[in-house]
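Sequences listed follow chains A and B, in order. So for the first sequence, this note's numbering puts the first residue at 619; every next one is plus one. So for the second sequence, this note's numbering puts the first residue at 619; every next one is plus one.
Don't read these hints as lab results, they were simulated from the structure. Be a bit skeptical, because a hint or two may be false.
One copy or any two copies: either way a pair holds, since identical chains are not told apart in the list.
Within a straight-line C-alpha distance of at most 25 Å, the following computed SDA-like cross-link-like pairs (lysine to any residue) qualify [to be verified]:
| no. | residue 1 | residue 2 |
| --- | --- | --- |
| 1 | K1082 | A641 |
| 2 | K872 | R846 |
| 3 | K960 | P801 |
| 4 | K753 | G1096 |
| 5 | K1082 | E1066 |
| 6 | K872 | D926 |
Protein chains: 2
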Amino acid sequence: MQDHLLSELGQQLRVDSVRAAAAAGSGHPTSSMSAADLMAVLLANHLHYDFEQPRHPGNDHLVFSKGHASPLLYSLFKAAGAISDEELLTFRKLGSRVEGHPTPRLPWVDVATGSLGQGLPIGVGLALARKRLDKVDSRVWVLCGDSELAEGSVWEAVEHGWYEHLDNLTAIIDVNRLGQRGPTRHAWDLGAYARRLHAFGWHTIEIDGHDVTAIDRAYGDAASTVGRPTAIIARTVKGRGVAAVENREGLHGKPLPDPEEAVAELGGVREMAVPVLGPAAAGIARPSHGGPLTLPRFDPGEEVATRDAFGQALAALGTARGDVVVLDGEVGDSTRTELFAKEHPERFFECYIAEQQLVAAAIGIQARGWTPYASTFAAFFTRAYDFVRMASISRADLNLVGSHAGVAIGEDGPSQMGLEDLAAFRAVHGSTVLYPCDANQTARLTAEMAEESGIRYLRTTRGKTPVIYPPSESFPIGGSKLVRATDDDHVTIVAAGVTLHEAIAAADRLAQEGIHARVIDLYTVKPADTQTLRAAADLTGALVTVEDHHPEGGLGDAVLEAFCDGYPMPPTARLAVRDMPTSATPAQQLAAAGIDAEAIAAAARQLVGAAN
Amino acid sequence: MQDHLLSELGQQLRVDSVRAAAAAGSGHPTSSMSAADLMAVLLANHLHYDFEQPRHPGNDHLVFSKGHASPLLYSLFKAAGAISDEELLTFRKLGSRVEGHPTPRLPWVDVATGSLGQGLPIGVGLALARKRLDKVDSRVWVLCGDSELAEGSVWEAVEHGWYEHLDNLTAIIDVNRLGQRGPTRHAWDLGAYARRLHAFGWHTIEIDGHDVTAIDRAYGDAASTVGRPTAIIARTVKGRGVAAVENREGLHGKPLPDPEEAVAELGGVREMAVPVLGPAAAGIARPSHGGPLTLPRFDPGEEVATRDAFGQALAALGTARGDVVVLDGEVGDSTRTELFAKEHPERFFECYIAEQQLVAAAIGIQARGWTPYASTFAAFFTRAYDFVRMASISRADLNLVGSHAGVAIGEDGPSQMGLEDLAAFRAVHGSTVLYPCDANQTARLTAEMAEESGIRYLRTTRGKTPVIYPPSESFPIGGSKLVRATDDDHVTIVAAGVTLHEAIAAADRLAQEGIHARVIDLYTVKPADTQTLRAAADLTGALVTVEDHHPEGGLGDAVLEAFCDGYPMPPTARLAVRDMPTSATPAQQLAAAGIDAEAIAAAARQLVGAAN
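Just chain A, with the same shape it has in the complex (with noise of 0.2 Å):
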């Protein structure tokens, strides 16, 4: 498209946003319209994209880091003919696709934003994916705020971008030189942004953000780049071609005062229609599903940590399906995706120790429909909570596996210790939490998780622990097992991985007290088996929770969340981790924690005597 046209198309753009903004009464408009140059140039001469075909595997993928500028992307969308003016109009309106922030529930967008610094990372995953798994020839455009380069996880993506020679990653900069609430660090001296860039290795391009000519040609000066990603560093004037906004504080995230008189200043509504580059033609050869799935096993009996039957079944699960990759945070040793590194290397993604973009990485690359599996310690996925949470807005879905979870590690101490993991995952929408005790019941969770939607979180433990399930007992998702039980139990322990063995012998010591103890094993923390829980309440009338975690909305709590509706709650004891762990060995923390088998036999002890 030629120039002047490029810059009307910039003009509709920012009409388009100012309507959009104006029909909702609310927005960011003004955020908008700063990119609106940038934007144009992008879809009229370099996006290659099917916009009637958004799973077409040559697409480029544009990722608006900058979220709150939707009403710019969605005019993109319109321009691109791929939704009509009516539905822009329904922006930020009860029902309507075009949210506030983009969301999945778009075809064209990949990934949920709106929590500033989230974009590039995800870019970097898509990136990879694109150049690494697919092996497409096709370009990851990734508009960015300027506010947003001061998140931590934007130059963990910069570096890993840089380290990965992604050469299809372009980061477009909008340096509108305002913030929600002023001026940003940097104000408008591109060079402090060029500067940062260029030392992590990438290629930056300083440019004005409004010159059509100069965005044209450093785009094809990105795509042309060899080796590295590419910066485009872009002045560009908030609220730009509205005298009313133009570069004034105050008005981030506010319709216009007067659009109608804004829209006049702009030249009116138009309706250019883009004939967008089509996409490369491009066959993917999608990995191919359904080998045999020769799961390791263990005998019963025998001493393994869960971690490392974890390992083992996830190398196993990369051979029966090509789809499956595996990230990790430069602690594959610990956590044990090492095993699968060393035989499925070209679908291992090493992230060092940078949490937000291992789990950013992931989400891009499930983005592109490969079965990702991340892991780190269950103490470090804290890092990247606020990923997690977007992952569920972003409809991803993604296997995130925690190790050396609680105080069961031991002499590390508490800074290593997951004791939140269970209650962060529990309130992340539609998540499953699963926390194996065995060896078996974990290497057939580790391939069963990957059939669930939504986030999937297993946590396993550093220790061996003794394999109690036959490698042939499969472990439904949402279910539980009954590991000791009569006919005439009197009290229920429910525990899950490494307590669940010290719940076993505490019923072993409880037994030779005559005390009968019914054992449920819920490795399913999330959905917990609510049938099983309440059967077993009805039965001996005495409860006992015991988890290696915090009191508050781990295990403990979706056990009682199982009576609320007035199913009778029998009288419950909630063993759990209530003081700050120090430094001791496994057995001491677990005892010192109050979460040991003798606490458990304790406390059962007292809940029977009571009811007697």
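Keeping the supplied structure of chain A fixed, place chain B upon it in accordance with the hints.
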């Protein structure tokens, strides 16, 4: 101290690190040995610290961001005469203060480390406090690992340290080439680090980290650099000094294979006692406390957003208390901390869109005895969850205030909604979780939260809500309010924040139908008011809990926990946000989530009907 003695001291620190890890049977001696010379020179010639007076206002600060090098830290403490050799050898044992990773159980440790990438951001907080609050000329030295420079949080700190001209801050980067599972991205390419840091405006010095002369000079250079922080980038060898482990992979986090031989190779046990330089005579004009607190007063019936009340109360608190400091993540116009910033600009810290640095700065500031309030959207505290988790291990006293909670924000959509915050904060050890519903309550709680210990979280609401309490009402933390109650109530509705008003409206509707609903304002979600909940349950025999949050881990679970020890729990309907929200008006959102007055009334009707 002269060079040959410095080298001897370095060897002593290595020997003691090896011995400590050997005694423990675990730990990270090789990561300690790489930095031994760096720390020897610091302790002997540059650190100003009175180990007998860890609270001396003139003391420097030493933060081991690479917390796993704790054997080195404790060996330093021994060399300084702070701990005995006997205590050193209790490393990682039950009851010992010398834990696997450092915590403030040792009085010379300001903050817990061990989650990588936290020490430098917290060091920025300390340096800010020293420079802008204490106004004392003391230095903050942060020992960083090379691996952890992959963490985005480090780059948030680097940017902030530059921006604030923190020339009292020195990062000492121990570039030992090897991470946990192998080489880092940059191995021994010191220039890669230097280029990045220099581009971010830091003074950088590249040295051989085993050359004590060069180290000594670098510290002097750092101390005399004005206007910007310094990074000393030191090439070191992991396991330095012991051939069996020197510069080898696969030896991270393991005691040496033959400690006795290693000690011999290092020249044997030494008992050098280092006369550490004393702190500058410094008197901090500690801010005055106890001025009269004149909280804003709101008239019942008025409509005021709780975030507005928070901002006004915070400004008033800042007038009454000179120790109150406020930080925001570039959304002060939304969270309303801007009201404090306008009145007390000298105690306001703009942290831009970098939530990890936001919380880390607050942690550093509280370690200096100030009382920080850090605020951003409730949703975006998920970015800093690992910092909050570690803050609890740091025994930090921290006020965190999250605005724009829940679906009630309306059109902006789920990316901006905090729907996991109550669960996440409840799961933090020793936390207090507050969720006020009106302006007077918010004002009171804003002031009272600072009196609690540990992590205190307050959740505010974007939209206006009616004032229902008089300004004179008090709201003890741990309490609740009976907002509607008769002697023959049929059902109890437990709510907080925005849903409290829906609960009142529901009670009014139900009253017209002859159903008496008791309404409890559970403004303290943790610790919950068990007694009031139980009394209401006894009396009414039916509960409805309603929260603008996902169903797991929040207010509903807090209520269930009140009934776990056998106290009869009545039939309970748990209303919460169970689907993924989209864009809509606040009222539509509450209706769509099934947490508005109509949904509450329907749930109450059903429970009462079922009970009859």
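Go through the copies and call it for K872 and R846: within, between, both or neither, with a Cα cutoff of 25 Å. For K872 and R846, the Cα distance exceeds 25 Å both inside one copy (37 Å) and across copies (37 Å).
At most 25 Å between alpha carbons: which applies to K1082 and A641, within, between, both or neither? The answer is between: 23 Å across copies meets 25 Å, while 60 Å in one copy does not.
Using 25 Å as the alpha-carbon threshold, which applies to K1082 and E1066: within, between, both, or neither? within (22 Å within a copy, 46 Å between copies)
Are the CA atoms of K872 and D926 at most 25 Å apart within a copy, between copies, both, or neither? Result: close only across copies, 19 Å inter versus 53 Å intra.
If the cut is 25 Å between Cα atoms, do K753 and G1096 qualify within a copy, between copies, both or neither? neither (37 Å within a copy, 58 Å between copies)
Evaluate K960 and P801 at a C-alpha cut-off of 25 Å and name the case that applies: within, between, both or neither. between (49 Å within a copy, 16 Å between copies)
Against the hints set out earlier in the document, violations occur for numbers 2 and 4.
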